[in-house]
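Chemist: Sequence:
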Amino acid sequence: MDAVTTNSERRPFSIKLWPPSENTRKMLVERMTNNLTSQSFFTQKYGTLSLEEAADESKRIEDIAFATANQNYEKQPDGDGGAAVQLYAKECSRLLLEVLKRGPKVEAGKEAESDITSAPREVFFDISKGRRAFIEAEEAEELLKPLKEPGNSYTKICFSNRSFGLEAARVTEPILVSLKNQLKEVDLSDFIAGRPEAEALEVMKLFSDALEGSILRSLNLSNNALGEKGVRAFGSLLKSQTCLEELYLMNDGISKEAAQAVSELIPSTDKLRILQFHNNMTGDEGALAIAEVVKRSPLLEDFRCSSTRIDSEGGVALSLALGTCTHLRKLDLRDNMFGVEGGVALSKALSSHTDLKELYLSYLNLEDEGAITIANVLKDTAPALEVLEMAGNDITAEAASALAACIAQKPHLTSLNLGENELKDEGTIQISKALEGHIKIKEVDMNTNLIRRAGARVLAQTVVQKPGFVLLNINGNFISDEGIDELKNIFKKFPDMLGALDENDPEGGDGDDEESVGNDDDEDELGSKLKNLEVNEEN
Numbered sequence: 025m026d027a028v029t030t031n032s033e034r035r036p037f038s039i040k041l042w043p044p045s046e047n048t049r050k051m052l053v054e055r056m057t058n059n060l061t062s063q064s065f066f067t068q069k070y071g072t073l074s075l076e077e078a079a080d081e082s083k084r085i086e087d088i089a090f091a092t093a094n095q096n097y098e099k100q101p102d103g104d105g106g107a108a109v110q111l112y113a114k115e116c117s118r119l120l121l122e123v124l125k126r127g128p129k130v131e132a133g134k135e136a137e138s139d140i141t142s143a144p145r146e147v148f149f150d151i152s153k154g155r156r157a158f159i160e161a162e163e164a165e166e167l168l169k170p171l172k173e174p175g176n177s178y179t180k181i182c183f184s185n186r187s188f189g190l191e192a193a194r195v196t197e198p199i200l201v202s203l204k205n206q207l208k209e210v211d212l213s214d215f216i217a218g219r220p221e222a223e224a225l226e227v228m229k230l231f232s233d234a235l236e237g238s239i240l241r242s243l244n245l246s247n248n249a250l251g252e253k254g255v256r257a258f259g260s261l262l263k264s265q266t267c268l269e270e271l272y273l274m275n276d277g278i279s280k281e282a283a284q285a286v287s288e289l290i291p292s293t294d295k296l297r298i299l300q301f302h303n304n305m306t307g308d309e310g311a312l313a314i315a316e317v318v319k320r321s322p323l324l325e326d327f328r329c330s331s332t333r334i335d336s337e338g339g340v341a342l343s344l345a346l347g348t349c350t351h352l353r354k355l356d357l358r359d360n361m362f363g364v365e366g367g368v369a370l371s372k373a374l375s376s377h378t379d380l381k382e383l384y385l386s387y388l389n390l391e392d393e394g395a396i397t398i399a400n401v402l403k404d405t406a407p408a409l410e411v412l413e414m415a416g417n418d419i420t421a422e423a424a425s426a427l428a429a430c431i432a433q434k435p436h437l438t439s440l441n442l443g444e445n446e447l448k449d450e451g452t453i454q455i456s457k458a459l460e461g462h463i464k465i466k467e468v469d470m471n472t473n474l475i476r477r478a479g480a481r482v483l484a485q486t487v488v489q490k491p492g493f494v495l496l497n498i499n500g501n502f503i504s505d506e507g508i509d510e511l512k513n514i515f516k517k518f519p520d521m522l523g524a525l526d527e528n529d530p531e532g533g534d535g536d537d538e539e540s541v542g543n544d545d546d547e548d549e550l551g552s553k554l555k556n557l558e559v560n561e562e563n
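Sequential numbering from 25 applies to the sequence shown in the working numbering.
Hints are computed from structural coordinates only; laboratory data are not their basis. Backbone N, C-alpha and C define an ideal beta-carbon position, used for all residues, glycine too. Please note that the accuracy of each hint is not assured.
Claimed, not checked - Here are the computed distance ranges between Cβ atoms for each label pair:
(1) S202 with E288: 27 to 37 Å
(2) G492 with T350: 44 to 54 Å
(3) A222 with E288: 15 to 25 Å
(4) A524 with R55: 46 to 56 Å
(5) I463 with A524: 57 to 67 Å
(6) R194 with E54: 45 to 55 Å
(7) D509 with G461: 44 to 54 Å
(8) N205 with N400: 48 to 58 Å
(9) S152 with E288: 23 to 33 Å
(10) T350 with K169: 38 to 48 Å
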């Protein structure tokens, strides 16, 4: 035994991780070839390579990555090669991503040598970064020159932030015609600002006709004050779209007539994943038209219809339509007037949204009844929910237990906003207890909730210990001066985590409020509330 031990010590066992075998290298090339030829987010966006091109690129990627990693290994030959393996994998991933983003070669008749060690070819043409200004014919000629270069690979254009006059539009029209078979994403947001209505409509029609028949995946027409006339000016483009995945019509003056035109002019939305209507004057009747678009969009993942003046009737219609969208991941309905009836209808729709990650329901006038109904349904769905906002809904402590039960079932929650309600200490303590086991929470907003010292203290003690926590906002409450000092002491090691307290009113609240402000009875009151919570949970 001793002899064996001695021999073992003389020849220690070790494994060399570098270089990889030829079979390993071959398998990696095959795997990258498969990535370049299979359907994925990148190949859908930038195009799928042919098998021959993918194989050539994969071999070239592997050769470069191997040479880079081997050079690193030769500098440290006594190591096990682990660092070289990591570098090898990292370089393969980096170079593969460059090829994916570049997409297939567009040259016809010959195969140009690909230089994947240099920056990928330009696919995005963007003139929005400069000053916001009019653009006339002469400047358009100069500015758009890259789009006229033969063999260019632009698939995405952004003309936002520049206002096109009629002459500039006429310069642009033939360029768009020449590009429309390769374009995938078009951003024409805010591109006619300050133009007379007649000129703006003619410009829109020129652009629309030039792009008619293109196969776009994304179209952004936001910030153009379209109205019904503007929507119909884009009619030829909208009617020709059969593969749209993203449509943005924000801040466009979408009235009920304009919304009806949108529903009429977009015949195919079966591939639509993102639909955004923020800040329009849609109203209930317009919401009925938008609801029809939503019904025809079964793959919808991201729907925003915030600040659109929708009341209860429109809220109910929209909620019923949303019930058919079982793939929703983000829903933003903020700043409308759904009311209790709309909230109840929305709760029924939420029962089918198991993939929901972000839910924005602030300023919907839900009140306790609507909030409780939504919380009760949401508790049993959307297990991966990360963002929940229900600020400004006249929610009181009466709804706190339902909200707390819902929040307790969302371990992935990173952001919670219940600001501008009336939860008081009682509701705040219940919400705090629901957050106790949440290690991913980063932001909590409970501003303007009639909170006093006891509730503020419990909430602060709950969040301050969370790893990665960023910000607690409890401004605009009724926390005593002693309570403020206590909060600052709790966050003394992490002062940036505690938001501003400049709107706190230490003497606020009515005189009939039974909750004390900053006296010694707080601890007993708090303990009693927590004890009751525990008893209720056990029951």
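Chemist: All hints are to be evaluated individually against the structure, with a verdict given for each.
Modeler: Comparing the hints with the structure gives:
no., hint, in the structure
1, S202 with E288: 27 to 37 Å, "holds (30 Å)"
2, G492 with T350: 44 to 54 Å, "violated (32 Å)"
3, A222 with E288: 15 to 25 Å, "holds (23 Å)"
4, A524 with R55: 46 to 56 Å, "holds (52 Å)"
5, I463 with A524: 57 to 67 Å, "violated (26 Å)"
6, R194 with E54: 45 to 55 Å, "holds (51 Å)"
7, D509 with G461: 44 to 54 Å, "violated (29 Å)"
8, N205 with N400: 48 to 58 Å, "holds (51 Å)"
9, S152 with E288: 23 to 33 Å, "holds (30 Å)"
10, T350 with K169: 38 to 48 Å, "holds (47 Å)"
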